[in-house]
Every structure is written in structure tokens, then in C-alpha cells.
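Enquirer: Protein sequences, first through last, are from chains A and B.
Remember, our numbering sits 85 above the position in the first sequence when you count from 1.
Remember, our numbering sits 115 above the position in the second sequence when you count from 1.
It is worth saying that the hints were derived from the structure and are not from the lab.
Here the structure is a predicted model, which means the values were calculated and not measured.
One side only, chain B facing chain A, incomplete, derived with CB under 10 Å:
(1) 135
(2) 136
(3) 142
(4) 143
(5) 146
(6) 147
(7) 148
(8) 150
(9) 153
(10) 269
(11) 293
(12) 301
(13) 302
(14) 315
(15) 318
(16) 320
No residue lacks a Cβ here, since even glycine has one placed at the ideal position from N, Cα and C.
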Amino acid sequence: MKVTRSFLLVFSVLVAITAQAQLYSSALHVGWNTLKPLSDTDFIDKTSSAGIRLGFTKLMNDKLGVGLEGSYNTMHEYVPRQTYDFPGGAITTDIYNYHYYFTIMANGQYILQQGKNFMPYVALGMGVAFSEYRLYYNIYEDNDSQQGFVVRPEVGTLFRIKEYSHWGLKAAFSYDYANTKSAYFEIDNFSGINLMVGVVLFTD
Amino acid sequence: MQVQRWLIFLWMPFIVVSCMPAPEDVDRIRYMLVQTEYNEDFIHDNENIFDEYQSFVIREDTMGFVSTSSSAKYLIEEDVPGFVEPVVDSIRNGFELGYDQVTDDDDPDFAVNVIVLQNFDYYQTVNYGYGYPGSYYGYYGYYYPYVSTYYSNFVTLLIQVVDAKNPNGNNEYPVIWSAYIGDLNATLDLPGKTLEAVHQAFEQSPYIRK
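Next comes chain B alone, as it looks inside the complex (with noise of 0.2 Å):
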């Protein structure tokens, strides 16, 4: 009787394994992360790159895609009903509050890329630089973005300033700006809150403005 009795305190490992409560996922994808980074070399103390800035150019009704499971380079709106107009469309007016929107011809100064990453492992490696040899849209030349950020393996949409008037020696143009948002995959709802997100991405970037 006395081995029994003791016996039935064994089941409390159990209870005590089962007792790692964690957040419930509803709960924790209320809100869109927002993250948002900015090329200390050209906006700093002394100078913001942005004041000089006058016009810039977007890539309309189609967002860049990164994935490691499908071979699609861009999204348009029939890809993802309800998103890719909205959200393209938002941050276009966005940066249209600062600044004239023109086309490729018309010499922007800066260029504006919108990106969704799929499982896409990237890691901070280095700062920002010149990113992107030959066009300052990252995804028309097949190559991946420079980001950074420790995320992996979630989706996010990646917004990119990236400078068209100061290449170095290699071609390249630097990133001027990033912003991710994710995690879009589990969200509940995909436009709200990633229209809930871009702005508050310009938010929270306040030297985007003239």
C-alpha cells in the first residue's frame, strides 16, 4: 500500500511538461510585425538624403516574388486577389505624400521595390550597400534582395528604397531604406493588416518626408 500510495506521485512530470503555456496563436498574430531599417551612411545627423530626393518610380500592379518552392518572379493581382493592388497602391501614395511619381524615362531618383519573400532563409551578413548591379530593381535581374534581418522561413513583404542617382564603380545602387512586414502567411486578414502595416511603416520612418 505504501509503494502505491507514492506511485501516484509519479505523474507529475507529466503535468509539469504539459505546463509550458505559451501565447495563443490567434493572439499573437493581432497585429503585423513591422521592422523598418535605414542606410546610416546616407541619412544621419548631418544629412537625409531624402530632403534631396524629388521624384521616384514603382513598379505598379505587380510585386516582386522570392520563394524557394515556387520558380515565380512577380506576383500581379490574379496571383493574390485583393493584395497586390491594394498594398502596391498604398505604398505608391505613401511616398507620394514627399514625392512625384515618375516613370523609368523620366531619370527618378529613387526607385521603389516591393518583394514578398517564401521560405526564403536570409541572414544578416552585412550592412546595407550597393545591392543590386545593373538595375536598381532588385527582382528584374534575378537577384535576390539584400536584406537584413533574421527571419527565415516566413513570409514577408519586403519594401526597399533604392537610390537611382549613386552608383558606384561596379554599376550598383545602394538601399536606402527596407521595411518587413510578416508574418503574412498567418495572418487572418491578409489586406487589412498589411495595409495596417505599410502605414505604419512610414510611421514609424519619419525622416521620409520632404
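Chain A extracted, bound-state conformation (with noise of 0.2 Å):
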């Protein structure tokens, strides 16, 4: 939670010190997604940065915005070898669980304040989720798909590099929420939290 924490200091700063608006008219963003997982953290608990992040964003006016974008995020742990018995029996092994996360969601933005550089906003994203569950254990393998409704609030800033540059950064601090649950592995709805850095290509 510190990562978490130290954002939300370095949001509010950026925020405080927002200068005048520099509109845009769309922007396209592609960013390093960090995910710790909520849910299931006996599946796995460790916070993953292999992950990356694309969306779009048009603005229909100098506060309010629409967009898409996708996400993929891979989670992993390992567990040391261990006995687990089951009814008539036991099996030993060591496991890497594996979960690889796709969304594909439409989002909604509202501007806070479009500064000189930055520009501060909330976002609501909703679509789809994706979710493989997978467990590898020696050169075997075990798995589930599963995919379902995925719901992602956010809140982030873009930075113009420079004033009228066509280039800038993002960051942003979300929170999904997906019912992919799995029942083959006795996993719950996915929940976890997102740390995106980036970069944008603006079209004024």
C-alpha cells in the first residue's frame, strides 16, 4: 500500500500546481501496467509489472472524454513443493500458478483542469475481461479460461512534455474489478489494483 499511498501524494502535487488549459482533441496512450492482485491471493499474491496498456481517448468537449482501451497483465507465483491429498490419494509436486489478464473496455473521462502541462482526471472504464488461469506443475499443465464483466475507476494525469508538444506521459491509478471467477480451480471474481506509467501522442 505504500505504492499506493506515495501516488495519490505525487497526484494530488500535480494537481495543486496545474496551470492554465491546453486543449487536446484526442490522444493515444501506450504505458507499463503494474497489477497487485486483491482476490485470491493464496492463488497468487505477488504484484506483477509485466504488463502494458493501450487506449485511445477522444474529447467531445474541454472537460469530458471517451475512449477504449486494452490491457494484459501476467501474474505469477510459485509455490514450493508440497503433498496435497485428495480423497483416495496424494500428489506431490511444486506449482507455478500462472494468471494471464486481458481487458478490453470502453472508459469515460472527465478533465479535471487541463493545465499548461498537466492534466489531471477520474475515468470509468467497463468492458470485457479475460482471464486464463493456469497452473504449471513439472512439464504438465492445467487450465481455465474464463472471461466476463470487468469494471475499472480510475484516476491519473497526462503531462505535455513541453507547451504544443505533441508528446507527453501518463499516469494513472486504477482498480479492477472482473467476474472471472473459476470454478475448476475454486477461484473468486479478480480484483486488483493498477500503477500505469506511459507515454501519449496528442492530436490537437
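Two independent chains are provided; combine them into the complex using the hints.
Expert: Right, here's the structure in full:
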């Protein structure tokens, strides 16, 4: 949670120093995504930085924007060798738990302030999530794929590298909730928090 | 120029596709998988047939061999040097901790089958039951082992305990216990990791004790 607090602090400072607005009409972003699972942490607890997000936003006016975004993360955890008892037997192995997590969603954004450089916003995305849960043990594999609805509230900021520049940076903090539960692995719906940093291409 | 800038992002899907990592093979085969199953008709809260056993028989220096790519029915030490004899010895030693090894002529209580399965598709269809018509040595009679697993196309060591006292009306002998150990083909230390796995098979089957 230290990451969360740090990000919110930085975000607050950025909002505070925002100056005069500089509009853009659309923006394409690509970013590195770090995802911390909050659900079923006995399956995977480890924060994953193996993620990427790609999205497009079209401003409807100087405050509201709509967009599309796709994201992908791989989360994994190593479970050391141990014995699992089951009715009529037992199995001993070490296991690599993997969760391949894709989302495609539409979102709406509200620009809090169009600053000279910083443009903080809040957003809400909704769409489809694809979860592939996979267990690797020795050379064997077991997997279950699920898809479901996902919702992602988000706060973030855009940053123009310099005035009138087409290039900028983006940082965002968001929460994912996806109903991609796996009955096969007894894994509940997925939830997690994202921290994304990336680059943005603006069109004015 | 604007189009060119946007084209920069077209490489992103390729990154996404290439970002489906999996554990390294060398890490995955650090340990062999050991799965054991027992016949719940003979081992349950009120009964453990292993408590009644006194003696067993095992074919020494030989493993059964079931393969879709070979007509061989047995493996001997010369076929896989450093593997067959140590592994069979280890299995025999495991049972000798609680039971007496005897010969076929001594009317053993159970037989121990040791079989290597190579590229052999076999699937769970029924629970263990009576599986070996006429002989408790599965591979002697050209009968494929009556196994229970979802593995396929791998090389697996199968150890089976077949009861020699309770054939059914069709002269079939029940499989009491099975251990699946794999994968034999992927490991970097076939004898060492197999022996480690055999030890684990007994370790996780405490009912095989008198």
C-alpha cells in the first residue's frame, strides 16, 4: 500500500500545480502496467509489473472524453514443493500459478483541469475481461479460461513534455473488478489495483 | 507526419503476444511429480488391507514397458544403465520395511508391478478395480495397466500394488495402490530424481506400513 499512498501524494501535488488549460482533441497512450492482485491471494499474491496498456481517448469537449483501452498483465507465483491430499490419494509437486489477464473496455473521462502541462482526470471504464488461470507443475499443465464483465475506476494525469508538444506522459492509478471466477480452480472474481505509467501522443 | 506518429503504436500487439511468459523448463523439472492413489474399497476408515499383508513379490532387475513407439515389453538395466536396478531396488526396499519379499511359489499376499509408460495415452474412465485377468503381473499377460490419470504423451513410472489373495469370479486381481512418477523424459537427473520420487511415494502413503 506504500505505492498507493505515494502515488496519491504525487497526484495531489500535480493537481495543485496545474496551470492554464491547453486543449487536445484526442490522445493515444501506451503504458507499462503494474498490477497487485487483491483477490485469492493464496493463488497469486505477488505484484506483477509484466503488464501493458494501450488506449485511445477522444475529447468531446474541454472536460469530457471517451475512449477505448486494452490491457494485459501476467501474474504468477511459485508454490514450493508440498503434498496435497485428496480422497483416495495424494500428490506432491511444486507449482507455478499463472494468471494471464486481458481487458478490453470503453471508458469515460472527466478532465479535472486542463493545465499548461498537467491534465489530471478521473475515469470509469467498463468492458470485457479474459482470465486464463494456468498451473505449471513439472512438464504438466492445467488451465481454465474465463471471461466476464470488468469495471475500472481510475484517477490519473496527463503531462505534456513541453507546451504544444504532441508527446506527453501519463500516470494512472486504478482498481479492477472482473467477474472471471474459476470454479475449476475455486478462484473467486478477480480484483486488483493498477499503477500505469506511459507515453501519450496528442492531437490538437 | 501525424499518420506516421500513430503508426508507431502498431507494434504494440506484437509486444502483448510476446509477453505471455511461462516458467523456465529447467525450473519446472526441479522435482518430479509424485501422485499416489489407493483403492478405497480396501483402504478406508475401518480397514487397511496393508495391515493384513505379510509378504510380497516383485520382479527384480526388470521393469515393464508400455509404449506406443516400441514393441519392447520389458526394460532391463542394459536398456537404461543406472536406472532400472537402482529404482527397482529402492521400491523393493520400501516394501521390505514392512513386508517379507518372497517368490511366486511362496503364495505372496501382494505383487508389486513396476512399469514405464512411454507416449501412452490413457485416461481416467473408471476407478480401480479388478484389472489383471489371470495374473497379477500386468505386463506379463500383455494387458495394459489399469491406470487412473489424466496424463498423456509423457514418460511415467508407474508402481502398482496388486492384491494376490482376492481375485474375483473372473480371476481378476484388484489394484490396491498406484504411484505415478514423472516426467522421466524431461528430467536432467533420471536416477537421482526418480529415487527421490520413489521415496516420496512411500512418504505420502503412510497406510503402507504394518
